[in-house]
Amino acid sequence: MNNSIFLRIAGFDFKVNFIQTEKSYSREQFKQKFIDKYFGFIKKTVKDNPDFTIDIINTLDVETIYKKKKRAFFMLTFLLKGENTVQTFYHVSLVQLSMILNKVLQVLLIKNKGFLMHASAVAIGSSMAFIFTGPSGAGKSTIMKLLNSRYKPLADDSVIIKKENDKYYLYQTPMIEKVSWIKKNDKKYKIAKICFLKKEKNFFINRVDDKSYILPKLVEQLFAGKQKSKNEYLGIMRFVKEFDQFHILSFAKNKENLLNFFEKLPND
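Add 2 to a position in the sequence shown, counting from 1, and you land on the number used in this note's numbering.
If you're looking for bench data, these hints aren't it; they were derived computationally from the structure.
Since this is a predicted model, take the numbers as computed values, not measurements.
One thing to keep in mind: the hints can contain errors.
Straight-line C-alpha distance at most 25 Å; calculated SDA-like pairs for lysine to any residue [what the hints assert, rightly or not]:
#1 LYS83 - ASN51
#2 LYS113 - GLY13
#3 LYS45 - PHE76
#4 LYS105 - GLU234
#5 LYS105 - PHE32
#6 LYS190 - GLN223
#7 LYS115 - PRO137
#8 LYS192 - ALA140
#9 LYS105 - MET239
#10 LYS219 - LYS49
#11 LYS39 - TRP183
#12 LYS39 - ASP188
#13 LYS154 - PHE263
#14 LYS33 - LYS113
#15 LYS186 - ILE7
#16 LYS147 - VAL64
#17 LYS154 - VAL64
#18 LYS35 - ILE7
#19 LYS203 - GLY141
#20 LYS35 - ALA74
DEER-style ranges, computed between Cβ atoms [claimed, not checked]:
#21 VAL221 - LEU267: 23 to 31 Å
#22 GLU65 - ASN187: 30 to 38 Å
#23 ASP212 - LYS266: 20 to 28 Å
#24 HIS93 - ILE250: 23 to 31 Å
From the three backbone atoms N, C-alpha and C, an ideal C-beta is built for every residue, glycine too.
Whenever a hint applies, use it, and build me the whole structure from the sequences.
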């Protein structure tokens, strides 16, 4: 089997090198799990100089840090080997690898007018998307599942928003989410609407033009958590200034009525 796999995520090219190890079965087993997980993002080739390289190696000496007061052990999962290269290990889990990719994507997106945020999403037609966001319990997963029979699900909890050619697009993330059956790939979708969810007994959608309302709501959903950088704030401020399709969507947990409501919504 080839010792390198190429990925394309949100328009960025990754080269993943599976470095030879004495225990070849460990490498091949890890590689097969990797292929199964990231199948939709795999490409036969990418550009000569990929945006990021990930080297996966074997190590017998797993470095750990012990925090005595917390009685906690922390295991080394990756090392920065250069501006565009990280080194990780065959002993990491797919969840940990997903977290590494998440960190790398955040760095690349900050430099390229994009960001990661907590949201669910569905496709509208073949090239557009509705994004649903809000705090935990707002109904992000619920509304995606209710629409699933008629609208292709794109995300359960995480999306990438990126500006390309003066338009904003949604890309699917490679992250492991609660709903595992969503098919993911590197296709982009023009964002039709971003909806802040509100659970109600009836169905309403109201456009929001007040940027002072929108900005803090979106900042709360950034994937950076408490460690948001100045550049991430600037990126999301630019997005709020330039994008104008923000809405508050009130909905009830009624599949038939929700589908009928969506059929009447304009997409632009």
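List of violated hint numbers, smallest to largest: 3, 10, 14, 16, 17, 20, 24
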